[in-house]
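As you go down the protein sequences, you meet chains A and B in turn. Taken in order, the first sequence gives residues 1 to 308; the numbers are from the numbering used here. Taken in order, the second sequence gives residues 1 to 464; the numbers are from the numbering used here.
Do not rely on the hints blindly, as some may be mistaken.
Unchecked claim - Okay, the calculated bits of chain A under chain B, using three or more residues with CB under 8 Å as the criterion: (1) 151 to 158; (2) 161 to 167; (3) 254 to 261; (4) 285 to 296.
Don't read these hints as lab results, they were simulated from the structure. Since we're looking at a predicted model, the values are computed, not measured. Virtual Cβ for every residue (Gly too), placed ideally from N, Cα, C.
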Amino acid sequence: MAEQVKVNKPSKQRRKRDLILGINIFLFLLPALFLFVSILIAPIVVSVYRSFQDWNGMSEGVFIGLKNYRKLFSNSVTLNFVVALKNSLMLAFFSVFVQLPMALGLALVLGRKPKGERFYLTVFFMPVLISTVVIGQLWLKIYNPDYGLLNSFLKLINLETWTHIWVSDPKTALGSIIVPTIWQYVGYHMLLMYAGVKGVSPDLREAAMLDGATAGQVDRYVVIPIIKPIIRVSVIFAVTGSLKAYDLVYILTGGGPQKLTEVPSTLLQEQLFLANKYGMGSAISVMLIILCFACSLLITAAFREKDK
Amino acid sequence: MKKRIVSVLLAGAMALSLAACGETAPAATTEAPAAEAPAAEAPAAEEKKEEPAPAVEEKKEEAPAEEAAADAGEALTLNMWCIATESDSNRHSYEAAIADMAANHPEITLNWEAFENQSYKTKIKAAVAADEMPDIFFTWSCAFLGDFVDAGKVYCLDDAYKAYASELPEVMMGNSTYGGKHYGVPLTMNIVGLFANMELLKQVGYDEIPGSYDEFIKCCDALKAANIIPFGCAGKETWCVTEYLESVIEKSVGADALNDIFLGRATWNNADVGAAVDEFQKLVNNGYFDPSGAGLTNDEVKANFMAGKYAFYMNGTWNCADFAANADFKDKVKVSEFPVINADKAKLGQLIGGPSDTLAVAASSPNAEKAADYTFELGKLICHYGYLDGCGLPAWTPYGDTSGINPLTQAVSEICAKADSYVLFGDTAMSADDATTYLSYVDQVYGCAVNGTQFIEGLASDIR
């Protein structure tokens, strides 16, 4: 027995080699670790610390415990985090249940190598390449109550009663944000899924076809199960992207009318830079981090559960 | 083995290079407490105001060579941020003033950048928080600048002001004076004016802007009946709504009452203010405002007004320059003050406005002393050209030939000459936190989501 242990024990030379390898790995990882900690972890830690303070960003902060967090959920006219969160979740809902199915549909169709595949791929992906500011301005022109394309079209087809002041009517403002958001990122998710669809072995398709499966059945029972990991990533991106949405909302409505289209990020910007409430802004950012993290874990868990 | 040695060397080199990159960091962190010191050492607001800019001394010590070079008339570069964008009425006055300064001071190079009004408020606050301000920056006086002064981020201009005191009356420095010290160079002063498209008013039988409130309402009804929209207001920029709302409140409760509320000397819970807000909502509910305006920016609404879409446009008198410069429009437009609603408490001559546009110098500027002198001289020129262009009334004593000033600005001069009192714009008079709360409520009022009572009670509880 003692002899066996002796045999299994690594030699001195091997231990030395392992040590050098370990040092090598550590040294190579050190710069990345340093950047990761200083750029990602440290700001989060500072934000958490600041979120417990009443701080105007210029003078000394005063520790106030959980007061900022309590105020976040106090439902006031100035700071309605619950409404902002609800809007983000609404955006996430439409992203997951409208945008992603559209993207999947397009990816599956393009995966069947239709005529002009490259052309359609470029066209659908183009909005992703355009700056969000440009897209925001473009949609503002579409929504313009006086000369906008949408109202002009409705008038043209004798639906004048349907015309609206889209971005400032409380009933249509949120919808006016959701539509361009879906439009902009459909191409992005489509491309992710298209790459997955293209990665499915043609043999599997052919085998299914030989068994008498239709194109739709091949997609449903062969392709979609294979690209499930990509769909999971798309869902995570869509949900966390909706929670972090800022640019389009800011350009289209600025959170208005009457703060009805406010999302956590616009609220954060207002609290930080307009109200000089850096403590409250930090509390919102901490909530955002927690929400994004929790959503990612939940989605991953949901997909894992389904796989079982 | 060779590979291993090379990899260890490479990793070591990378780690070392990172360490080397970080070498400057300790120096920066040792300097930081000096800049933060005033706030830390001065817990009471009063104390802070008395000793507002010791950080300047610290910074001056850090850059003695550059300071000395500047004093000796050697090349110096100053940076400035302002809001005189291409579409801003003040653009020309800035360009002309900066060109004059370049000719008068060839040794000083001014790098200036202009930002859109709303985004500038975010930018300058972020820069102040990060201590990355330019040498000279545009600011609004009163509470907006006051927050920066309290934090010790603004250079005290008392020494530089002495040389210009004869041309810049002390009273004009009032809104940028804190704890008895001067921190800003006022440019022009403006009020909220009731601009009217007389061509449209004539269509409903009015040759002049109605002087009484009852007549004014009749005029609005007549305009509405003639399918002319009485008011244009940019709901997307809440400060534009305040131009209307504050005028209605002031002409209902009087200037003193409103001023006391803005400055925190009286509570918002004032029934007269509530009634005034209800009166404003009556104007909204009567359909006097363009419903599309709720989704438009101020630039778009202004363009609509100049295109003849609205009969009235209430906004700052800095617009006189743009209106007067438009050949097709200048003869159609007239300006007046908003009529009195409650003659028992308010009267004509009570105006919203005052000297607010200001230039200030960053305490962190390595050339703060030189920048202070430069700012006064530049401010004087901007004021001069701005007045000639019709961007507002001069905060500085006017000089040169001013006979060519446009009739609109002259009309504003006449209104101001009869002024009884001024109430500074609410979002400028209040601190950033209170102003944000106030603007949120104004937004709710314009959308009729809250009524007058909810407005005053909400503000009384949220603004302490």
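Those earlier numbered hints the structure runs against, lowest number first: 1, 4
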